[in-house]
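Student: Please build the complex by placing chain B on the supplied structure of chain A, with the hints as guidance.
The chain contents come next:
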Amino acid sequence: MTAPIAVEVRGVHKRFGAVRALAGVSLEVRAGEFFGLLGPNGAGKTTLISALGGLARPDAGTLAVLGHDVARDFREARRALGIVPQEIVFDPFFTVRETLEIQSGYFGLRANASWIDELLERLALHTKANANMRSLSGGMKRRVMVAQALVHRPPVIVLDEPTAGVDVELRQTLWAFIRGLNAAGHTILLTTHYLEEAQQLCSRIAMMRDGRIVALDSTASLLAEFSERVLRVKLEGCELPGALAARATREPSGWWRIALADVAHLEGVLAQLRHAGATLASLEVAEPELEEVFVKIMRRDEARSSP
Amino acid sequence: MSGFPTLLYKEVLRFWKVSFQTVAAPVLTTLLYLVVFAHALAAHVQAFPGVSYVEFLVPGLAMMAMLQNSFANSSSSLIQSKITGNIVFILLPPISAGEIFAAYLLASMVRGLAVGIGVFAATLWLIPIPVAKPLWAIAFALVGCGMLGAMGIIAGVWSEKFDQLAAFQNFLVMPLTFLAGVFYSMHTLPPFWQAVSKLNPFFYAIDGFRFGFFAQSDVSPWASLGVASAAFGALSWVTLHLLRRGYKLRH
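Top line first, the protein sequences correspond to chains A and B.
So the first sequence is numbered by the working numbering: it starts at 53 and just counts up by one.
So the second sequence is numbered by the working numbering: it starts at 37 and just counts up by one.
Extracted from the complex, chain A is given alone in its bound form (with noise of 0.2 Å):
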């Protein structure tokens, strides 16, 4: 049985005056699954949760969460709908259990008092629940945004860039706090530029750039496709030998990388470096990366996208 459709983009475009930030968009997510929204800054990907949250009205195309259409059916889409915003913005008015309760209250919820509680806990807010939301460190402004995103406990999850500028312990809290969501049930969409972090998280990527999806699959599969292992080998006092030499490259540090197709293959390699009499001061074998995958992946865009 697959899992219900948690988002789903149909041919989404969007102009702002000369700029085309959105340009014929599609995709789906499915219920309970981690999702990757990667891309450059200025790809469309914040242009694309604004109108999956109603803040940006798309010009052409529809979009729908659990079903129900961001326009006709807004209220039903947005009671599905968490998105914490990326820019740290907060009310000044207010402390941060008010503005909890407040935002409690904007989806209908009068009587959230315990779970409010729990999400101070678990976001570690709760000495600071009856602190005025200008006294805030930017970081636990984050996780107070993160906290009015989940106050509805909505199915769906949407975080741009969480971690943009925060340190590194609460970064961990965070993901703990979120892969439990996860876990849960609950579907997460994310963009990020710490692609280490999408590498961890995600189950599935989508990679924008100039208002296009131009790639789409499982982590996995954009792996094992886009990269690969890779030996690192720094020497001790003689050259790489020239048949290896060709297929490596030389790190300014002085390491040569020696691109693996398959695990199988490090025998070899290391038989023909036995063979010349090369002498290993240090050696590593590198598990393909996201960041190779993404940095492959725009440069083709960009080549077939220029003329």
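All the pointers check out, no bait thrown in.
Quick list of in silico lysine-lysine cross-link-like pairs, DSS-like style, CA-CA up to 25 Å:
| no. | chain 1 | residue 1 | chain 2 | residue 2 |
| --- | --- | --- | --- | --- |
| 1 | B | Lys284 | B | Lys197 |
| 2 | B | Lys53 | A | Lys193 |
| 3 | B | Lys53 | B | Lys197 |
| 4 | B | Lys118 | B | Lys284 |
| 5 | B | Lys118 | B | Lys197 |
| 6 | B | Lys53 | A | Lys180 |
| 7 | A | Lys193 | B | Lys118 |
| 8 | A | Lys180 | A | Lys193 |
| 9 | B | Lys53 | B | Lys118 |
It should be emphasised that the hints constitute simulated quantities derived from the structure, not laboratory data.
Quantities reported herein were computed from a predicted structural model and do not represent experimental measurements.
Tutor: Then chain B, alone, in the frame of chain A:
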């Protein structure tokens, strides 16, 4: 349950938390006007027969403060939310354009009425004035505050900078409220300025409000109520239309 009651509560709480600035300050300003103008003009101006100039001034000044503060409430709340960006917290939940309109409008009216009550409370022991037709006074207070509350939403939605909002306030709302017969009876003006005054919808709100106290007015209270209600209706229609279209809010 709808998000409307919470949005209304939040809008009222927002100004109430800084009530020294949003209620007490305009009450004080109004009292200063009263003291200065009453002292300077009392001997020269006779507005209505049997009504002293100081008495005449009180309802007009109170209404002027109510109008200005109703406008200030919705417009400043919206522009602040837009500029700081926290307007997203209102735009993302399932709240309709009609509910947003009603919440901002009613909160503005509450602020306007709070200022009005403040003015009367402060002048009561100095200048007791009769309330001949309380229902008329209440009706005009509501329509007047509603008219400016709606106008404040339009200005707040339209403005992108504080500067633009200040222009709206200083070049439109201030002159229109100041020249709406607060300080004089329209009949003391030359015919040309009488005709101009009659184009100002705020004039009807003030004239009608004053009728509620003295049972005397420059034009019939029914006519005033008609004009003020029509202006309120038209402004509300425009406001709702803008909010439904998402003008400058949903891009």
